[in-house]
Amino acid sequence: MHNPQLNRDGELIHLLSIEGLPKAILTQILDTAASFMEVSSREVKKVPLLRGKSVFNLFFENSTRTRTTFEIAAKRLSADVINLDINKSSTAKGETLLDTIDNLCAMDANLFVVRHASSGAPYLIADHLRRIGRNDIHVVNAGDGRHAHPTQGLLDMYTIRHYKQDFTQLRVAIVGDILHSRVARSDIHALTTLGVPEVRAIGPETLLPKHLDKLGVQVFHDMEEGLKDCDVVIMLRLQNERMNGALLPSAGEYFRHYGLTPQKLALAKPDAVVMHPGPMNRGVEIHSAVADGPQAVILPQVTFGIAVRMAVMSIVAGNS
Amino acid sequence: MQIEIKNGRLIDPKNTVDRENTSLFIAHGKIAGVGSAPAGFVADEVIDASGCIVCPGLIDLAARLNSIEAELAAAVAGGVTSVVVPPDADPPLDEPELADRLVHRGEEIGKARVLPLGALTLGLKGERLAELAGLKKAGCVAFSQASKPVIDTEALLRAMEYAATFGYAVWLQPQDHWLAKNGIAHEGEVASRLGLAGIPVAAETIAIATFVQLVRDTGCRLHLTRLSSAAGVALLKQAQGEGLPISFDVGIHHLLLTDNDIGYFNPHARFTPPLRTQGDRTALSQAAAAGLAAICSDHTPVGADDKLLPFGEAKPGATGLELLLPLTLKWAEAAGIPLSTALARITCDPAAVLGLDAGHLAPGAAADVCVFDPETTWIVTSEALKSRGKNTPWQGYPLAGKVLATVVGGKRVY
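Residue numbers (the numbering used here), protein chains in the order written: chain A, 2 to 321; chain B, -7 to 406.
Next up, chain A with everything else stripped away, as it sits in the complex (with noise of 0.2 Å):
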C-alpha cells in the first residue's frame, strides 16, 4: 500500500503519522529542527523559507498551546497564519469536513495545520488533496484522535537526542493513559524507528491498548518495575473524564499507582530525564517535586517544540 506522506521519490510531502517513514526522514527533521534552534536565539528571529505561503490552523478539537506553537513555527518562517477554530457547531451546519476543505483550497492555502477528535481525518484531508489535484497543498497533523500526533513525538525524539544523544543505548518508558494517547502511539513507533532498543508501557491493564507488544514494546503494570534503569519516562495526561469511572476508581487511587513521585523515579537511572506533553495534572500523574525537579525537561521539550515545527513545515512545503 503506497503511504499517502511520501511522494514517488520516497520525500515527505504530509506529516500525518510517524509510523512508515523511514529513520532518514526523522532524522532529516531532528536535524533540520537543530538549525532552526539558532534562529530562535537571533534578535530578528526569522528565517524567508514560507515568505508568501499561506498556513492554516485547523482545529476541529480545541488546542491552545499546540496551535500557539504551530503558529509561531510558521511565523518564524515568515508564512502567513491563519487561525481556525471550527467548533462543533460550524460542522453542525451542515458543512461536511471536505467543503471546509475545498472553501480553504479556493483561499489558495499553501499548508494545513490539522487537529481533529478523530482518527484518520488528516490521512481524508490529504487523499481528498490527491484526488483534487492540488499536491501543492501539504497537511500537517497536529493530532487525530487517539491515532496520532506526530509533531509531538518528533519533538520528544528531539528532546530525548539534545540529553542522551545515542537512541540505541536507551531505555524509554511511557507511563499512563496510553489507550487513548496519540502522543503515545506517535513515541512508540519514532523510538522505535530511531533503534531504541527498550521501549516500555506501563499503566494499568484499562489504560494499555490491546497488542501493545506487536508494536515493540514491553508491558508493565507494576510502574517501580517498569521504571528500573531507564534512561527517559515519558508521563502521560490524564484527562480529567476518565479519572472516575470504568476505567479508573479516581484520581487518588491512579496517583499512588502511576503518579511519579521523586521515589518512584529514584527507580530509574540518576541522569533520567522526564518528560510530559502538557499540559500537566499536577498530583495525578506527576508530583510537583519531579514536574519542577532537576531531572524534567517538559519546559525545553515546548522551545524544542517550535524548532521541530519549523523543521516539518519548511521540508513538507519544499517537497511536491
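Hints should not be assumed to be uniformly reliable.
Said to hold, decoys possible - With a straight-line Cα cutoff of 35 Å, these simulated DSBU-like cross-link-like pairs (lysine-lysine) come out: (1) A/211 x B/117; (2) B/403 x A/211; (3) B/229 x A/215; (4) B/173 x A/211; (5) B/128 x B/403; (6) B/128 x A/211; (7) B/322 x A/211; (8) A/215 x A/46; (9) B/173 x A/215; (10) B/129 x A/215.
It is worth saying that the hints were derived from the structure and are not from the lab. Computed from a prediction, not measured in an experiment: that's the story for all the values here.
We have chain A; now place chain B onto it with these hints.
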C-alpha cells in the same frame, strides 16, 4: 410468456444438477422442463446461454432498499431474484401497513421479490413487541432487530416466547450492546495501531451465549445474522450440534476482507459487525464452505457524503446486490470451493433459512433464474452499478462474473 434458456451449463445445487448444454423451459411462471421441452412448448423468447451458467436466482438474506426502484433494478442486474429487507428502514418496519406498502411497491416495480423482515419491537427500541401476527399477514417472513439490540434480556425472552407461540422465526445480530456501543473496529492490533476504539470478540460471543440459552428455554427458531468471529462460529457449531433450531449467515465482505484492509482509515472497510482478523475470516470461510452458514450481501447503500468522513464518523456498510455473485465466485475460487457449492450458499441455503420452497429449478418450482457468464470480467465503478449505493471497497477492481439475464416468476426482468 414462455422462455427457453438454451446451451447453458445448468447448475441447480439443491437438486444436485450440474450439466453442460442443458435447456431450461419456463412456462406460466414456473419451471416447465429441464433438458427436454414439455409437450407443445413454444418459446416466446429464447435466451442463448452459451458459455454461461444457468442457476436459480439468488436469494439475498439482507438488502436495504433505501430507494426501492433503483435497488430492485440493482438486484436483478446482480442476478438476485429475492431480497430480504431488514426492518431498520426509516421509519422502521414495525406496523403491518408499512410492510403491506413495501410488499405492494415491490410487486408494482416487478423486479426482484421483496421479503420484508418485520421489526420485533416497536421502533426497534427493544421494549414493546410489535404486532407480529399483523406483520406476518402483511408479508413479513420473520422478525428482526436488524443491528439494533434488545438491551433488556427479559424483553428478549418474552419476544422469543411470543414468536415461538406462533412458530415465527426471529433474526438477531449478535452484538452485545455495551461492548459494541463505542467501538468502530475489531479490537486488535490494527485498531490499537490506528487509534480506533475497539469492539472485542466477546461482544459477539456473549450475545450468542445469551441467545442460545434463550432458544433452549423457549424453543424459538433463531437465525443469527452476520457472524464475524471464529469464536462465534465455534459456539454456533456447538449449539447446532445440540440440535437447537439455530441457523446463521455471513456477509460476503467478511469472507474476503479483514481488519488489515482498513489500511489508512479506508471508510469503505467499516462494517457492522467489524471486519476481524485473518483467523476469523478463515473460520467464517470454513463454516460457509461446510454449509453451516448462508452468504448474503448485507447490501447497505450509503451516500458519498456519509462515507467521505473520518473512519469513525463514516456510516458502516457497503453496496452489495450487484457484487454478491462475483464476490461469491471470487471467494469460491480463492478458497477452492466447487462452483455448485458456492452457488448453494446464495440460492437454496438462504431459501432453507427462510423455510421457503425456493432457490432451485425442479419442474414446478417458481421460475426465478439467473444466467451469468463466469468468465467475463468487469471493473467495479460508480457508473457500472445500478444501485444508488456506490460505496464499495472494490471500487476500481476487476471482478469475474457478469449477469446476462434474470428471470423472476417466469418473466425476464433483466
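Each hint, compared with the structure:
| no. | hint | verdict |
| --- | --- | --- |
| 1 | A/211 x B/117 | holds, 32 Å |
| 2 | B/403 x A/211 | violated, 54 Å |
| 3 | B/229 x A/215 | holds, 31 Å |
| 4 | B/173 x A/211 | holds, 18 Å |
| 5 | B/128 x B/403 | holds, 27 Å |
| 6 | B/128 x A/211 | violated, 45 Å |
| 7 | B/322 x A/211 | holds, 32 Å |
| 8 | A/215 x A/46 | violated, 43 Å |
| 9 | B/173 x A/215 | holds, 26 Å |
| 10 | B/129 x A/215 | violated, 55 Å |
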